[in-house]
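K.L.:
Please construct the entire structure, taking both the sequences and the accompanying hints into account.
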Amino acid sequence: MPQIRPYGDTANDGVVQLSFTLPLSLDARAREAARRYAVMMGIPSPTIAHAEALESGFSFFVVYGACSHTLDPDSFSVEAIEHAELSFEEINDLIRARLGRKVVVIGAAIESDAHTVGIDAIFNAKGFAGHYGLERYPEFRAVNLGAQVSCEVLLRRAEAEQADAILVSQVVTQKNVHIHQLTKLVELAEAEGVRGRYLMVVGGPRLSHPFAKELGYDAGFGPGTTATLVASYLAQELVARHEAAVRQQDQKSQEERAHG
Amino acid sequence: MPQIRPYGDTANDGVVQLSFTLPLSLDARAREAARRYAVMMGIPSPTIAHAEALESGFSFFVVYGACSHTLDPDSFSVEAIEHAELSFEEINDLIRARLGRKVVVIGAAIESDAHTVGIDAIFNAKGFAGHYGLERYPEFRAVNLGAQVSCEVLLRRAEAEQADAILVSQVVTQKNVHIHQLTKLVELAEAEGVRGRYLMVVGGPRLSHPFAKELGYDAGFGPGTTATLVASYLAQELVARHEAAVRQQDQKSQEERAHG
Amino acid sequence: MPHLTLNTALVDEARAAASRIARPVLDLIAGHTTVAIERTVLRLIGVDGVDSVDVPLPNVVVERARALLPGGVLAPFAAAMLQTGLEVQPLAQAIAAGEVQLAPVPAPLPAQVRALAERLAYAGVQRIRASRRERDELLATRGNPPQPWIYVIVATGNIYEDIVQAKAAARQGADIVAVIRSTAQSLLDYVPYGATTEGFGGTYATQENFRLMRAALDEVSAELGRYVRLTNYCSGLCMPEIAAMGALERLDMMLNDSLYGIIFRDINMQRTLIDQHFSRRINAAAGIIINTGEDNYLTTADALQSGHTVIASQFLNERLALEAGLPEEQIGLGHAFEINPDTPNHLLYEIASAQLIRDLFPRSPIKYMPPTKHMTGDIFRGHLLDGFFNLVGALTGQGIQLLGMPTEAIHTPLLQDRFVSIRAARYTFDAARDLGEQFTWREDSLVAQRANELLRKAVDLLHQFEALGGLFNGLSQGLFADIRRSPDDGRGLEGVVARDASYCNPFYEMLLEVIQEHSPAPQGAAERG
Amino acid sequence: MPHLTLNTALVDEARAAASRIARPVLDLIAGHTTVAIERTVLRLIGVDGVDSVDVPLPNVVVERARALLPGGVLAPFAAAMLQTGLEVQPLAQAIAAGEVQLAPVPAPLPAQVRALAERLAYAGVQRIRASRRERDELLATRGNPPQPWIYVIVATGNIYEDIVQAKAAARQGADIVAVIRSTAQSLLDYVPYGATTEGFGGTYATQENFRLMRAALDEVSAELGRYVRLTNYCSGLCMPEIAAMGALERLDMMLNDSLYGIIFRDINMQRTLIDQHFSRRINAAAGIIINTGEDNYLTTADALQSGHTVIASQFLNERLALEAGLPEEQIGLGHAFEINPDTPNHLLYEIASAQLIRDLFPRSPIKYMPPTKHMTGDIFRGHLLDGFFNLVGALTGQGIQLLGMPTEAIHTPLLQDRFVSIRAARYTFDAARDLGEQFTWREDSLVAQRANELLRKAVDLLHQFEALGGLFNGLSQGLFADIRRSPDDGRGLEGVVARDASYCNPFYEMLLEVIQEHSPAPQGAAERG
Ligand code: B12
Ligand code: B12
Ligand SMILES: Cc1ncc(COP(=O)(O)O)c(C=O)c1O
Ligand SMILES: Cc1ncc(COP(=O)(O)O)c(C=O)c1O
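Residue numbers (the numbering used here), protein chains in the order written: chain D, 1 to 260; chain S, 261 to 520; chain B, 521 to 1049; chain A, 1050 to 1578.
Hint data in this document are derived by calculation from the structure and do not stem from the laboratory. Ideal Cβ positions, reconstructed from N, Cα and C, are used throughout, including at glycine. Do not take every clue at face value.
[To be verified] A short, non-exhaustive set of chain S residues, derived as facing chain D with CB atoms under 10 Å: (1) Phe280; (2) Leu284; (3) Ala290; (4) Glu292; (5) Arg295; (6) Gly302; (7) Ile308; (8) Ala311; (9) Ser335; (10) Ile341.
P.N.:
Structure below.
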């Protein structure tokens, strides 16, 4: 695919909108500083559309301009969840047909995070934005532990419930608290030698699949995620792993028979 | 002065706001492209705060993030108008005391530009935003030619009115029409050997003093300019040039007497 | 709708004064034709295309027949067809090539010439009937969106890029797309030919550009299950010609206001008012909604002090439009949300004039235009101001809402500017859908008092026109937008021609028949020929 | 104000039901004290500072005197002062160092002990009177801005950075600055000591932070010629203590709502309701306006379905506040603009509940909170939604407008976010200043019907509380915000202590005297000791 630039009002004109505040009182020097800062960001001839004194010592700028950076969208691989989104019925049929038992899923907003609307959107029978939550799926047993659940409690309950998947929500990102807490959970699971036992999935407004992979999770879901999408992923991933394990098992038993 | 970065909510945190549209349908690839584009602009870990499909083939992004570029505001000189802003009375007194005759000023929105509210804000007796226009100054004779005045007509009238200063407005900037038309006027004046006779001043929403200097003008005025500021500049600059000429004259006549 | 209790006597007097002021203008119109009207007649009977140096054939033929224009170009053209046996376009080409000269026709007109003239005219009017029927069918099958209609502009200068953006805007929720004309096309006394890709601050209005854009919007209308309307500008020296092109290409809405041309483009008032009458007769027959340009008065004059000039101008525009045959439902009178936002109770003043105009012209689709001159480069402040503009539009039942852009003071709209604005307008219209039904204005409210004050001042202004001796004298004194224009100044007077007794232009009457098929008794269109 | 015609019988029944529900709670309150109340008594007589391991001395003394608490800590403390000859703080330090143990006091209390106890209490109340007088003088000299007051938050975690931003916000037009507490400080059973520069999602509420910020805002108030108010949070396990610190440091407004602590922080309902009564008595005397947290119900429950729960809760909060001595003018009942914007006629529903609440509590400064859960990362859509929130606030005369930020869904506010929002709010309040006086609601309007429906449902909900046997049982059934809490669960129950006959705490009565100096007949504050 050819190099692309942002689209203002004609193909590849590169026009972007920018706003920022400089710690300078508004005068000719501050305007020139704003212009040069936009140039450094890649906008050779920026338009300072608006400049206003915020109050003593600060000035606010709105800038438009054509950015010269270009990008080939095919020049990088993107970690994306391969599984397609299935319907409520298709998901339950798939599990019945190719797993033959209920999928057990446990979820929580971990450690300091008290935001539950996100995890509830995935778990509650009532669901969110027209999509039923996991509790509503006959082929799922969904256990929602709610808010501020410690990593230790979550892993203990996952073991007790013999969960197939652990679903974790992190909403607050100040001081990168979400990275510390998500890393803590994965490391704890590895330390207890149970990492491989679960699909570990994370979601929240500042999460994405590539970022989740970086943190050591199997999958990541960002803003606007629907419970149907999550259920589709869980069902297809668990079926795939289950069938891979069965194949491996058959192969091994064949080898054992072969070497009598 | 130390290097500065934009001020988000703490000194030098570098936080900027950005929005742009990419010619890509909204999917994981488009989100990653947006993230990488922000990185290229100098934001190492951008937050894609919002991503929305504009419609088939376009996606709109709102991005926040700490920009790593830094700038020393004292590392560059800024062309600024030195003359301070005087009051209505001070301006008229200055002209009476040190020029001894009325300042003649002629103004117009030149060539294709039909926007007159700007030039009128500087010329009309009624003025603009509480500042009287040049027509209201007893020591000015202000001639406003209005809209779409050709360069030729403007120079002819400037000569006929024996103007001290030519004030030009340009508002439309599409296809850089303002640069072509402003350059045409200066070149015409030079061709007719009259450039030196006039203070040539330009103004408009996309104009600034540095930019006017680049175009060969004596001064430039941008958005929010008041007639008082323009009158202050004209009075002090003309008085300065007049007195310099008089000094030169005395010196010359002294030399002549000396070599008499 | 929270209607105001208005002083009905004043309302009636406003209409009576407008009628009295229109009288002499209509007499002038009845006694004259113009080069533009005669070019339009030729276009409607099928003359099109350009000569070897790109001059449109209608211009060439009319210039060659200047001496015959008092009787109209149609009769001599029909006579030449009979005499040469050539069809319409071949004859036009022959005239252009100098092979044929149009000759004067004897009076009274030979029956054969009159019959051919009427047959040619009838064929032209049938094309307009067909285009109108096509729109009515599409409105039925595609669906006619409810008012307020969301109106956005595209202005890239390249018709093919305009199409990309127009389709995107329609998909985002726009009900009307207006292609802004390359600036000052008003001043051209010819219509450029063919598709155009270079324009300045907009795209040239040409018949081919109309056809291309209408086809593109038909595609997207089918996709969306909603008929998307197309607007262009038939202001300026080619008013009737562009109206005819719009009629033939099924445009849905046209900027169509001589007062704009006179005041803001210094076009001669006699020329443009004569042109306007024929252009409005064509728009009326074609089912095209006209828009008038009173919003422009408020870009220079102060909207708080000069709000009443908009209303006086609307009464005049209404009268002239009715006289041309336009039913109220096709008279999209214009005004704007342009009071300085720093005015205390700013919203109350804007609501007062919007509600007053809504109540004064209940059956007309009022065209409400966004804030422009008080917009700055602060796109956040701008987006909020546009939000309140849309809220006032929804509250007072405006028909056509021209969307403001947060970047109004910066550049012509980006794709994302339009997306943000359309989405915000749709939210606001839905969120305030029945707000107008929730309450009644108090008699002693500032809103009611301001509305009645505006009405009073508008009537006073109309009386000032009368006191000064009519529309022309009033315009000479700068009563509108503080700009003075006199009757013999401005562009295009040389194109005005006094009709003689033999003047033949069956279109006036035949178009009236189409109008009457759709709205039984068009109020004022007494037959003036 | 476009008042609604409400069913006055229903309004009276709502207040009657709230009184009936409050009765048993007030009995519980009258019979108990808590570790927090006793710590507050010590603070008010001058105990402050921390011990060698940074535990606040009030906590140390109260823990050491746990066994004596049925009679209150003041009497034994006064007795120990007499016995050791030590002043207040030295005695507290001696107790902390284990050099002195507080001993039980005989009943009836020796006259000397009672006299000292009352002298110490009186001195504490005098400090509150002085702080209140200081505010009254500053309001007179600096100027008291008109409502709606513009309320913004700062939350950097570092009190010195908060000060920079608070001053900037005040200069930009904020009337009230709230320093958001480091999250979950509700759950701390002690108040951190001294200035703090590390916080999580906010800055710790400490007396030193109060003093620093109040001083900074006094400077900027002088500069601006407008008294800028300071808000903090006295919710949670240290409710009365933080109220006392606010009273001493001349805070102007306090979040002060047990229902929030019970529902959203799982604090034991008995503990927090007993604490709340004393904290509200202190706030009342100090002239501090309390804010209640009903907005939080709408962050989890749906605002269209659960709007009435907010109103039922407000009636309960009003009753308990009046009983604590707060005059209506200091009861800032809270609600929010949280209906899903995609709801058709969204604005009409928001207006209905805002106008209803305004009319139900005419003398209270209603605290109106911005959209949060339906805000997205689209800052343009967000800024418009905040614009309509401010418009509804202006239209319905809300007293305190907590400004929404376009970046609500992204981060705690940037300097420029606050600038854009404050400037937009000031424009909106000025542009719609008298909008509410322009019209009257129609009886049959959706706004009037929705308002009466909300009122009816609120009364039904209060009756449900009664049917279930009172406030505690209702909370156990999750009647508020669909979250269930039971009377013996939650944090802090262990800190509740039954009073015995000898219980001595003169503050209850002395604070009432200060209240009565300012508002003659506080409606419900029957003397309950
Ligand atoms: C509701 C709310 C609260 C409520 C929470 C109540 C509750 N029971 O959830 C209360 C009032 C308690 C609260 C408190 C605080 N909050 Co808060 N809160 C919000 C608010 C308004 C809405 C969040 C929300 O519900 N979004 C709706 C849901 C549906 O979206 P979502 O969370 O993104 O979830 C979706 C996807 O992310 C995904 N998803 C999410 N989780 C998961 C998990 C899995 C496994 C999967 C597959 C998918 C998935 O699917 C969901 C559906 O699509 C936001 C502002 C905003 N508009 O976002 C602030 C916000 C999140 N809060 C914020 C802050 C700072 C706080 C406090 C620290 C404030 C304070 N100083 O006290 C405290 C912290 C409490 C704590 N210890 O965590 C900030 C966070 C800033 C940041 N970037 O870190 C925000 C952004 C507001 C702001 N601008 O300041 N808050
Ligand atoms: C009013 C207006 C019109 C009116 C003009 C009427 C008139 N008599 O002036 C009309 C309707 C005719 C018009 C037409 C068009 N307009 Co226009 N118009 C505007 C509008 C709404 C306001 C401009 C204005 O009056 N600003 C107020 C004045 C006070 O500000 P100012 O011009 O910046 O002047 C100040 C300073 O710049 C300075 N200054 C200015 N000149 C001078 C000169 C000197 C010597 C000095 C010292 C100082 C000085 O002092 C002034 C006071 O502080 C702007 C949008 C906006 N909100 O800005 C669009 C705008 C300028 N127009 C625009 C366009 C594209 C057009 C058209 C091409 C549209 C079309 N396709 O037909 C035509 C072009 C006409 C032409 N040939 O020039 C664009 C320009 C985009 C660009 N960057 O090039 C704008 C920005 C709107 C938009 N977003 O599309 N327009
Ligand atoms: C009624 C009317 N006609 C025409 C125009 C513009 O056309 P032109 O720039 O060609 O004069 C406008 C305004 O833009 C208008 O309001
Ligand atoms: C009444 C009330 N108290 C307290 C708080 C927050 O305090 P904390 O996070 O410490 O519980 C809130 C909401 O943020 C509130 O509405």
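K.L.:
Hint Ala311 of chain S vs chain D: min CB-CB distance below 10 Å?
P.N.:
8 Å, holds
K.L.:
If you take the shortest Cβ to Cβ gap from Ile341 of chain S to chain D, is it below 10 Å?
P.N.:
Hint on Ile341 of chain S: holds, closest Cβ of chain D at ~8 Å, below 10 Å.
K.L.:
Less than 10 Å between beta-carbons is the criterion; does Gly302 of chain S satisfy it with respect to chain D?
P.N.:
5 Å, holds
K.L.:
Should the interface hint for Glu292 of chain S be scored as holding, given a Cβ-Cβ cut-off of 10 Å against chain D?
P.N.:
5 Å, holds
K.L.:
Should the interface hint for Leu284 of chain S be scored as holding, given a Cβ-Cβ cut-off of 10 Å against chain D?
P.N.:
6 Å, holds
K.L.:
Taking 10 Å as the limit, does the beta-carbon of Ser335 of chain S come near enough to a beta-carbon in chain D?
P.N.:
9 Å, holds
K.L.:
Could you check if Phe280 of chain S really has its C-beta closer than 10 Å to a C-beta on chain D?
P.N.:
This hint holds: Phe280 of chain S lies near chain D, its Cβ roughly 4 Å from the closest one there, short of 10 Å.
K.L.:
Does Ala290 of chain S hold up as a contact with chain D if the rule is Cβ-Cβ below 10 Å?
P.N.:
8 Å, holds
K.L.:
Does the nearest C-beta of chain D fall within a distance shorter than 10 Å of the C-beta of Arg295 of chain S?
P.N.:
Holds. Min distance 9 Å.
K.L.:
Let me know if the C-beta of Ile308 of chain S comes in closer than 10 Å to any C-beta of chain D, holds or violated.
P.N.:
8 Å, holds
Checked against the numbered hints listed earlier, the structure breaks none of them; every hint is satisfied.
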